[in-house]
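Generate the whole structure from the sequences, applying the supplied hints.
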Amino acid sequence: MAKILDEPRYVCALGGSQTVQAIHRAVPVFHSGQGCAARVSGDGSGTGYLATNTFPCSNIGETEVVFGGEGKLRDVIANALKVIDGDLFVVMSGCTTEIIGDNLEQVVGEFRDAEKPVISVSTPGFKGTNYEGHEWVVDAIIRQYLTRLPKGEKIKGLVNIWGPVPSHDPYWLGDLRELENLVRELGLTPNIIFGEHRGISNLNKVPLAEFNLLVSPWIGLGNVELLKELFGTPYLHYPTLPVGAHESSAFLRAVAAFAHIDPDFVEPIIAKHEEEYYYYIERSVSVFFENRTASKMFSTVTSAAQALAVSKFLINDFGLMPNTQYITENVPPEHQERIAEYFRKFNYGIEAEVVFSTDGYLIHRQIEEEYYAGPPLIVGSIFEKQIVKKLAGNFLCISTPFQQKVVLHSSYVGYHGGLKFLEDLYTGVYQTYN
Amino acid sequence: MSIDVKSKLCGSRETRIGSITGYSGTLHDIGQQLSCSGCPEEKKRCFSQAAGCASGCALAQAAEINDVAIVHHGPAGCAAIAQVKPAFDLLANAIGRDRNNFAYTCTDMTEADTVFGAVDGLADVIVETYNRYHPKAIFIGASCVSGVIGEDLEGVIDNVKEVIGDIPIAPIHCEGFKSQIWASGFDATYHAVLKYIVKPPQKKTNKVNIIGFTAGMAWNTRADVIRLLGVLGLEPTFLLAASTVEELEHLSEATASITTCSTLSSYLGVGLETAYGVPFIRSLQPHGVTGYEDLARGLAKVVGKEAEMEAFLQEERNIYLPKIEQIKKSLEGKRAMVAMGPNLGANIARVLQEFGMKMEHLTAWHFDKQYDDGTRPQALQYLIDNSPNDFTYSVNHLQNFEYMNILNTLKPDIFISRHPDSAIWAMKIGIPSYCVYDEYNVFGYKGTLRFGKTLQDLIHNRSFAENLSKHVRLPYTDWWMNQKADAFLVNG
Chain Z
1 MAKILDEPRY VCALGGSQTV QAIHRAVPVF HSGQGCAARV SGDGSGTGYL
51 ATNTFPCSNI GETEVVFGGE GKLRDVIANA LKVIDGDLFV VMSGCTTEII
101 GDNLEQVVGE FRDAEKPVIS VSTPGFKGTN YEGHEWVVDA IIRQYLTRLP
151 KGEKIKGLVN IWGPVPSHDP YWLGDLRELE NLVRELGLTP NIIFGEHRGI
201 SNLNKVPLAE FNLLVSPWIG LGNVELLKEL FGTPYLHYPT LPVGAHESSA
251 FLRAVAAFAH IDPDFVEPII AKHEEEYYYY IERSVSVFFE NRTASKMFST
301 VTSAAQALAV SKFLINDFGL MPNTQYITEN VPPEHQERIA EYFRKFNYGI
351 EAEVVFSTDG YLIHRQIEEE YYAGPPLIVG SIFEKQIVKK LAGNFLCIST
401 PFQQKVVLHS SYVGYHGGLK FLEDLYTGVY QTYN
Chain G
1 MSIDVKSKLC GSRETRIGSI TGYSGTLHDI GQQLSCSGCP EEKKRCFSQA
51 AGCASGCALA QAAEINDVAI VHHGPAGCAA IAQVKPAFDL LANAIGRDRN
101 NFAYTCTDMT EADTVFGAVD GLADVIVETY NRYHPKAIFI GASCVSGVIG
151 EDLEGVIDNV KEVIGDIPIA PIHCEGFKSQ IWASGFDATY HAVLKYIVKP
201 PQKKTNKVNI IGFTAGMAWN TRADVIRLLG VLGLEPTFLL AASTVEELEH
251 LSEATASITT CSTLSSYLGV GLETAYGVPF IRSLQPHGVT GYEDLARGLA
301 KVVGKEAEME AFLQEERNIY LPKIEQIKKS LEGKRAMVAM GPNLGANIAR
351 VLQEFGMKME HLTAWHFDKQ YDDGTRPQAL QYLIDNSPND FTYSVNHLQN
401 FEYMNILNTL KPDIFISRHP DSAIWAMKIG IPSYCVYDEY NVFGYKGTLR
451 FGKTLQDLIH NRSFAENLSK HVRLPYTDWW MNQKADAFLV NG
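In order, the protein sequence lines correspond to chains Z and G.
Per this note's numbering, the very first residue in the first sequence carries number 1; after that it's consecutive.
Per this note's numbering, the very first residue in the second sequence carries number 1; after that it's consecutive.
Source of the hints: derived by calculation from the structure; they are not laboratory data.
This one's a predicted model, so the numbers in the text were calculated from it and none came from an experiment.
Note that the Cβ used here is the ideal one computed from N, Cα and C, for glycine as well.
Possibly wrong hints are sitting among the right ones.
DEER-style ranges, computed between Cβ atoms [what the hints assert, rightly or not]: (1) Gly152(Z) <-> Lys358(G): 55 to 61 angstroms; (2) Arg74(Z) <-> Gly430(G): 32 to 38 angstroms; (3) His335(Z) <-> Ile149(G): 54 to 60 angstroms; (4) Gly430(G) <-> Gln431(Z): 38 to 44 angstroms; (5) Pro150(Z) <-> Lys8(G): 44 to 50 angstroms.
On the chain Z side, residues computed to face chain G include the following (Cβ under 10 angstroms) [to be verified]: (6) Ile4; (7) Pro8; (8) Val27; (9) Asn53; (10) Ile60; (11) Gly61; (12) Glu62; (13) Ala78; (14) Thr96; (15) Lys205; (16) Ile382; (17) Gln404.
Derived EDC-like pairs: lysine to aspartate or glutamate, alpha-carbon spacing no greater than 16 angstroms straight-line [claimed, not checked]: (18) Lys151(Z) <-> Asp75(Z); (19) Lys161(G) <-> Asp120(G); (20) Lys127(Z) <-> Glu111(G); (21) Lys203(G) <-> Asp166(G); (22) Lys82(Z) <-> Asp478(G); (23) Lys136(G) <-> Asp166(G); (24) Lys44(G) <-> Glu62(Z); (25) Lys82(Z) <-> Asp486(G); (26) Lys3(Z) <-> Asp120(G); (27) Lys390(Z) <-> Asp89(G); (28) Lys82(Z) <-> Glu115(Z); (29) Lys390(Z) <-> Asp98(G); (30) Lys385(Z) <-> Asp89(G); (31) Lys305(G) <-> Glu235(G); (32) Lys3(Z) <-> Glu111(G); (33) Lys389(Z) <-> Asp89(G); (34) Lys3(Z) <-> Glu246(G); (35) Lys151(Z) <-> Glu110(Z); (36) Lys3(Z) <-> Glu128(G); (37) Lys136(G) <-> Glu249(G); (38) Lys44(G) <-> Asp75(Z); (39) Lys272(Z) <-> Glu290(Z); (40) Lys389(Z) <-> Asp166(G).
Below, the structure written as structure tokens:
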């Protein structure tokens with residue numbers, strides 16, 4: 001069987017630049033070909049304080065391939081420090097400069113005493129995906145930047161939150177904000193380094209947190225382990241991005257237990273949320289269950305994080321049944337069995353088959369074969385749109401490539417996120433008979 | 001100078017026709033240098049920002065063809081171009097064509113592949129792609145990695161020919177590092193089309209090859225194009241958007257080739273003319289009144305129907321010119337800066353001057369002093385010969401820090417650009433801007449009127465740009481904004 005990437009849903013490790021870009025006033029500096037930056041920008045991450053076409057880049061050409069590109073990189077870093085108004089410069093290598101053997105660390109090392117911190121990370125496209133690139137970028141920031149900060153006292157109640165990957169997942173920022181809101185309700189102080197008005201000041205607080213909270217099935221595990229090793233910060237690994245009441249309440253209880261927060265404080269918060277949530281659900285219940293075209297069984301075709309979040313919501317909260325779940329971000333083998341295990345622990349002993357595949361064609365053929373007892377519900381990327389149309393099913397686009405909606409700050413996470421998910425899902429169902 | 005459609009590589013624009021990516025001067029200076037020494041002296045940059053690469057242009061163009069497969073031989077990130085698929089599916093559907101045989105796959109090269117090579121894997125992916133989708137032709141897209149490690153893409157063809165039979169299998173040599181000019185990617189794709197797909201003519205048809213970016217879907221310009229050609233008894237073949245391999249095979253039989261952008265099209269236009277004698281109309285492009293009429297008359301001359309065309313143009317002039325005159329009154333004297341590819345920029349600058357606006361600065365992403373037949377780009381020459389004022393001209397390679405510096409100094413009434421994520425940057429400093437995304441934006445009298453009205457409105461209601469500029473700041477230091485914009489251009 002050919003090693004074929006058909007309908008790519010991820011980009012290469014240089015896509016970790018989106019993680020740098022998501023830290024306000026941090027600057028990715030590419031030591032790569034001139035087209036790499038534009039190629040790895042995810043949905044909606046193209047612009048902001050910086051845009052991909054404002055990233056300093058050595059724009060490697062034939063001359064550098066032959067004679068080496070270190071000199072050009074040196075010029076680009078030196079002048080980037082003069083031209084770009086940034087707080088942290090992260091120099092990232094691409095395929096070409098790695099193959100020709102440019103010494104990134106050595107060139108970046110020459111800027112150790114620069115006015116602004118300059119760090120490096122090896123991110124050639126052939127070495128991994130943008131999801132891994134995200135983890136490598138955070139790793140480099142921890143090792144090369146955070147360890148150089150003056151030591152400080154831990155701040156009581158301060159919690160670093162990690163998980164959603166900027167900016168590849170269209171809802172990443174709204175998801176992070178919603179996690180922030182949930183954690184804040186427990187009386188804790190959330191600390192997230194990504195998005196508006198955070199940036200370096202939040203980054204500098206990372207070593208001072210009481211604990212790290214990782215909300216992700218696998219991405220970021222290496223980072224929270226490293227933070228534990230270097231700063232002695234314990235971490236809670238909570239694999240499920242919580243969507244809807246059932247999962248949000250479970251999330252609040254788990255975080256509260258880890259932080260030794262009194263259940264008597266937490267339960268009234270949960271009760272209030274659930275009361276509000278089910279008020280809205282009750283009012284719309286007929287739309288969900290009294291029609292001819294809604295689905296009863298579903299598959300997801302997306303990243304492990306999104307697949308788990310959506311499956312938990314649709315099964316444990318909303319009472320649907322799973323068919324195969326397709327996990328598409330090229331998950332490294334060492335994480336696969338643990339992730340599959342998460343899909344065997346739904347309510348009532350319900351289990352879902354998991355297929356790890358980067359082959360959209362085979363995924364679609366299997367979806368065609370499977371029995372959904374009516375119109376299938378497929379939650380995935382725009383690549384699923386055609387097959388759903390062919391099967392007269394229901395479709396919700398939640399992951400890259402997205403191209404279906406403009407997402408500014410909305411999210412499917414939390415209590416409100418669950419309602420939003422149902423709004424979007426049943427808007428599609430509703431339109432099939434109106 | 002000519003094009004050899006049989007050669008393995010077409011080469012970059014730098015090596016073939018002496019194109020450049022760095023220059024700072026004025027329109028008249030360029031005109032003078034072109035007439036004396038041949039080309040403005042190229043400058044290099046000792047600071048640069050990420051631009052765009054040839055493979056993006058090459059493979060996004062190839063992906064517009066409805067029934068081909070593209071097998072991208074590179075790491076996953078390169079294949080992000082595959083995400084154009086849904087949009088082209090919609091386009092094809094809209095004009096009643098299907099793309100069921102289209103595919104965009106990737107070999108997803110790994111570290112081991114960079115050491116041991118991966119042509120065997122490539123052959124497997126080509127065969128698998130064929131078996132899944134049965135495309136009418138397969139393009140093998142090169143990447144920097146496949147180029148640097150020296151993969152033999154031509155060698156793969158023989159290995160897979162036996163298995164998948166007699167469809168064209170065409171490598172596109174669009175390795176990103178081989179050219180600083182992304183438009184070299186257009187040439188690489190057109191070279192593959194000319195070499196592997198176009199067949200020698202069997203007969204002459206009434207088709208006109210329209211070499212452009214889109215198929216004229218915006219504002220239903222498609223209907224306007226069809227009507228214009230209809231006057232001459234001709235029919236359009238829109239290229240490459242939503243085209244088919246069968247259409248491409250017959251490009252050599254067309255009455256003529258025309259284009260909405262000669263930066264894009266010159267290699268194919270000149271190639272078809274050199275190899276098969278299809279006349280390539282060397283007019284201005286059909287933007288604005290002068291450009292539209294120049295193209296229409298150029299095409300009419302080929303078929304000897306000048307009188308019919310004049311009658312048609314007069315009919316349209318009667319409808320639109322009085323309205324365009326009205327718009328001119330409010331645009332007169334307004335100051336503009338334009339940043340685009342070299343050809344469209346020169347065309348748009350001319351249109352603005354037709355409106356009586358004052359060109360303050362023209363930025364070209366790269367600069368072609370000539371095309372493959374040795375001719376000067378017509379729109380540039382027209383501007384040099386006819387511009388009422390000299391103005392500053394830069395060759396910019398999509399360097400945001402340079403054109404933001406220029407914008408901040410000039411503070412024009414409007415900034416007009418054509419590249420994703422460029423127009424919005426002017427708004428960040430409160431300058432109204434417009435992205436001429438679609439090539440048919442200013443097509444004909446009708447488009448010219450629409451464009452003029454849009455500019456009038458943008459200059460009038462500046463609310464969004466003003467509001468935005470109060471709440472964001474540029475990622476550039478004050479030091480940089482106080483330097484000369486060409487401070488980092490050095491002699492190459």
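Status of each hint after checking the structure:
At about 58 angstroms, the beta-carbon gap between glycine 152(Z) and lysine 358(G) stays in the expected band of 55 to 61 angstroms. Evaluation of the 32 to 38 angstroms hint for arginine 74(Z) and glycine 430(G) yields a pass: the beta carbon distance comes to about 36 angstroms. Taken as a hint, the range 54 to 60 angstroms is violated for the pair histidine 335(Z) and isoleucine 149(G), whose Cβ atoms sit roughly 30 angstroms apart. Checked against the given bound of 38 to 44 angstroms, the beta carbons of glycine 430(G) and glutamine 431(Z), roughly 41 angstroms apart, stay inside it.
At about 60 angstroms, the CB distance of proline 150(Z) to lysine 8(G) disagrees with the hint of 44 to 50 angstroms. Taking 10 angstroms as the C-beta contact cut-off toward chain G, the hint placing isoleucine 4(Z) at the interface holds, the least distance being around 5 angstroms. For proline 8(Z), the suggested interface contact is upheld, since its CB lies about 5 angstroms from the closest CB of chain G, less than 10 angstroms. Hint status for valine 27(Z) relative to chain G: holds, with the closest Cβ pair at about 8 angstroms, below 10 angstroms.
At a threshold of 10 angstroms, the smallest CB-CB gap from asparagine 53(Z) to chain G is about 6 angstroms, leaving the interface hint in force. For isoleucine 60(Z), the interface hint holds, since its Cβ comes within 10 angstroms of a Cβ in chain G; the closest pair sits about 6 angstroms apart. Interface hint status for glycine 61(Z): upheld, as the beta-carbon distance to the closest one in chain G is roughly 5 angstroms, under 10 angstroms. Look at glutamate 62(Z): its Cβ gets to within about 6 angstroms of chain G, closer than 10 angstroms, so that hint holds up.
The beta carbon of alanine 78(Z) comes within 8 angstroms of a beta carbon in chain G, closer than 10 angstroms, and the hint placing it at the interface holds. A cut of 10 angstroms between beta carbons decides the hint on threonine 96(Z): the least distance to chain G is about 5 angstroms, and the hint holds. For lysine 205(Z), the suggested interface contact is broken, since its CB lies about 23 angstroms from the closest CB of chain G, more than 10 angstroms. Here the hint on isoleucine 382(Z) is kept, as its CB sits about 5 angstroms from the closest CB of chain G, short of 10 angstroms.
Given hint, glutamine 404(Z) at the interface with chain G, holds; its Cβ is 9 angstroms from that chain's nearest Cβ, closer than 10 angstroms. Annotation: proposed proximity of lysine 151(Z) to aspartate 75(Z) is violated, straight-line Cα distance about 33 angstroms (limit 16 angstroms). Distance restraint check for lysine 161(G) and aspartate 120(G): the Cα-Cα separation of roughly 14 angstroms lies within the 16 angstroms cut-off, and the hinted pair is therefore satisfied. Of the pairs offered as hints, the one joining lysine 127(Z) and glutamate 111(G) holds, with about 6 angstroms between alpha carbons and a cut-off of 16 angstroms not exceeded.
Proposed proximity of lysine 203(G) and aspartate 166(G) is contradicted: the alpha carbons are some 23 angstroms apart, above 16 angstroms. Between lysine 82(Z) and aspartate 478(G) the alpha-carbon distance is near 10 angstroms, which keeps this suggested pair within the 16 angstroms criterion. Distance restraint check for lysine 136(G) and aspartate 166(G): the Cα-Cα separation of roughly 9 angstroms lies within the 16 angstroms cut-off, and the hinted pair is therefore satisfied. For the hint pairing lysine 44(G) with glutamate 62(Z), the CA-to-CA distance comes to about 14 angstroms; that is within 16 angstroms, so the pair holds.
Between lysine 82(Z) and aspartate 486(G) the CA atoms are separated by roughly 15 angstroms; this keeps the pair inside 16 angstroms, and the hint holds. Distance check on the hinted pair: lysine 3(Z) and aspartate 120(G) sit about 11 angstroms apart at the alpha-carbon level, within 16 angstroms; holds. Our distance criterion of 16 angstroms between C-alpha atoms is met by lysine 390(Z) and aspartate 89(G), whose separation comes to about 14 angstroms. For the hint linking lysine 82(Z) to glutamate 115(Z), the alpha-carbon distance of about 10 angstroms falls within 16 angstroms, and the restraint holds.
Distance restraint check for lysine 390(Z) and aspartate 98(G): the Cα-Cα separation of roughly 14 angstroms lies within the 16 angstroms cut-off, and the hinted pair is therefore satisfied. Distance hint between lysine 385(Z) and aspartate 89(G) is fulfilled; the C-alpha atoms sit about 11 angstroms from each other, no more than 16 angstroms. Between the alpha carbons of lysine 305(G) and glutamate 235(G) the distance comes to roughly 15 angstroms, so the proposed pair stays at or under 16 angstroms and holds. Between the alpha carbons of lysine 3(Z) and glutamate 111(G) the distance comes to roughly 14 angstroms, so the proposed pair stays at or under 16 angstroms and holds.
Annotation: proposed proximity of lysine 389(Z) to aspartate 89(G) holds, straight-line Cα distance about 13 angstroms (limit 16 angstroms). Distance restraint check for lysine 3(Z) and glutamate 246(G): the Cα-Cα separation of roughly 30 angstroms exceeds the 16 angstroms cut-off, and the hinted pair is therefore not satisfied. For the proposed pair lysine 151(Z) and glutamate 110(Z), the alpha carbon gap of about 24 angstroms is over 16 angstroms, so the pair is violated. Annotation: proposed proximity of lysine 3(Z) to glutamate 128(G) holds, straight-line Cα distance about 10 angstroms (limit 16 angstroms).
In summary, the hint linking lysine 136(G) to glutamate 249(G) is supported, as the alpha carbons are separated by about 11 angstroms, within the 16 angstroms threshold. Between lysine 44(G) and aspartate 75(Z) the alpha-carbon distance is near 12 angstroms, which keeps this suggested pair within the 16 angstroms criterion. Between lysine 272(Z) and glutamate 290(Z) the CA atoms are separated by roughly 28 angstroms; this puts the pair beyond 16 angstroms, and the hint is violated. A hinted pair counts as satisfied when its Cα atoms are at most 16 angstroms apart, and lysine 389(Z) with aspartate 166(G) does not qualify at roughly 33 angstroms.
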